[in-house]
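Chemist: Okay, here's what each chain looks like letter by letter:
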Amino acid sequence: MELVEIFALGMFGLAVLALMAGFPVAFTLSGVALFVAGTAWAVGIFDISILGAMPSRVFGNAMWNEILIAVPLFVFMGVMLERSKVAEELLLTMGMLFGQMRGGLGISVFIVGALLAASTGIVGATVVTMGMMALPTMLKNGYDPKLAAGAICASGTLGQIIPPSIVLVILGEQISNAYVDAQRVIGNWSPEPVSVGDLFAGALLPGLMLVGMYMLYQLILAYVRPESSPVVPRDDFEEIDGSFVLKVLHALLPPILLILAVLGSILMGFATPTEAAAVGGMGAILLSGLRLDEKHGKLIYGAGISIFLMLILANIFDLRLGQTVYSSGTIFGLILAFALLAVVLAGLAISLKRVYRAGILKDVCKSTMEISSMVFVILIGAALFSLVFRGLGGDDMVHDFLSSMPGGKFGAILTVMLVIFFLGFFLDFIEITFVVVPIVAPIILQMDVNPVWLGIMIAMNLQTSFLTPPFGFALFYLRGVAPPEVTTAMIYKGVIPFVLIQLFALVLLSIFPEIVTWLPSVIFDSHY
Amino acid sequence: MNGLASMARTIDRISEFVGNNVAWLALAMVLIQFAVVLARYVFGVGSIAVQESIIYSHALLFLLGSSFTLLHGGHVRVDIFYADASPRSKAVVDLLGSSFLLIPVCIAIFILSWNYVSSSWEVLEVSRESSGIEYVYVLKTVILIFCGMMVLQGISTIFHSILFLTGNEAAPQEETHEVI
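Just so you know, the protein sequences line up as chains A and B, in that order.
No gaps in the numbering here: position 410 of the first sequence is 410 in my numbering, and each next residue is one more.
No gaps in the numbering here: position 101 of the second sequence is 101 in my numbering, and each next residue is one more.
Everything labelled a hint here was simulated from the structure, so no lab data went into it.
Any given hint could turn out to be false.
[Claimed, not checked] Some chain B residues close to chain A (C-beta under 7 Å, calculated; not the full set): (1) N21; (2) V78; (3) P87.
[Unchecked claim] Counterexamples of contact, computed for chain B against chain A with all Cβ distances above 10 Å: (4) V30; (5) Y82; (6) R88; (7) K90; (8) V93; (9) F100; (10) E134; (11) V138; (12) G148; (13) L165; (14) E169; (15) A170.
Just so you know, these numbers come straight off a predicted model, no measurement behind them.
Every residue, glycine too, gets a C-beta built ideally from N, C-alpha and C.
Hey, can you work out the whole structure from these sequences and the hints?
Modeler: Below, the structure is given as structure tokens:
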């Protein structure tokens, strides 16, 4: 092995070791890379001028990135929704709705998990809320603590695979770049672009499939071992009557409307993820404002409805400003549109005032800033790492290694999936996406692999890493809020069936890639 | 020791102040992007400068908010050992990490970016779009400010660690963070 190769490998090993110490990932990755680059330069095997590309990486990849600005917008929407207590309300009503069937509480956890995943998508918050609300109810009703813990962790991580998801935005951008690189190598200079929307569409069916598989597991368990998930006694319930139906609607309508507006507009091709995220953020502000004082909410309801009416109006009349001659229809439409706009602004102003006074707005903004900083500073750190790794010829090494895998394409993909799975035990999805995906994805994509399929396989793999003991984030978060009678060992044992379900789902996706590729091909007409 | 403590406090106050104000850019991004959506889909109008102001907000948000995030422990760590480590070992990790990883990296990015930023100033670089925002050179300068603020916050972390390890300061409080 040549010295330079030892450096490239050594850098990876050193980085993993250094990360274990627990200093922030962004600076550990880049610090190790800097140290290795300096040493390699000193012994004359590294061209230090490669680092000159760093500022344009910082500017071009992190700052001026029109795709990734969807990240802070989705974070804002998710955190704001979380503060409006959607999760709590959903858990209460769904638990009542399904409690009287066998395994019903488990089923309700999965349904709420899926609904939250499609609206807020914040994994930590979902696991924590469910751990505090659903777990005690399930335990009180005699559920097997292992099953309850596993179900909560698994449904919490759905936020990563069910669109719109922040993981898919970040991953989509990386896959898109990797696909362009790969196509250039094989001589195609104008490849069909891969969009984040493609990944969202590709992830929808696999995500729903996972929810279905979780539920199936719960139902089978409820019939094979009824003592694991008993029915909730009838007297614990409110009557199912008119007021209960209203409660259910009160809990269900906001997330469902948001899902339709945000995910719907992306999947129908009306809006980009960034645009949809801003509409979602606006919806979340309105909802939070409404929930703070339900009695005085007419204007806020009005604002929500007006947004829809304005969009409908624009389809009926030609409302474009700046025409030389306005028809009477346009003038009528414009007057209506401006009246609706006034309602939107008034409702928005009231909501903003309320969330600001309650201290929610400041909190949400700070959380958004912290998560945004965390993600994009890792991007910067990973950029330095990748530059040095490339400068040491690491890319070519990985390329030779993957190309020489027995089994060709299959062997290479399997190797990459295994590496990501094991890295997932220690690392976060953000580091894996920014460091590993740019190295391996272009190589795999040169082998005539569908980029959307590869993206979803990686996304589901990363989602699994949130569940794998001992370091999965979801377990860690549940541990923090679970009552003492639920031991760490119970949580670990409880998630194992769900990890197996995940792996089974990955196998299914490899045998039937159409589960991923069908929807994007129908919606966006994408064929790679 | 008192000198260290007061310097660390001053640095923390700067990060705190900048972060608290910059955080509002998150709201600005949502509102501007929403306005862009309405303008485009309802009234059929658009402005490249407004579109670019969202990108500016995003860049300022994460770059200037980064030292606040470091101060509040928001930059993600690998928690395997760190989470259960004693306050002393945590302080040692932070001391060594800031000295040998964070600060060298930020100084390196500063030096590497210097020519990039100054050549942007020489031509007073504007947007590639003809009606875009004309302050690209100002935006690029924020890379240098980011590096400077992070070095300062790194120094503050080192001071806090030394003060804690020598028994002159209590251990920092743990904060909880959203996981996406």
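Chemist: Which hints, by number, does the structure contradict?
Modeler: Violated hints (numbers, rising): 1, 3, 4, 5, 7, 8 and 9; every other hint is consistent with the structure.
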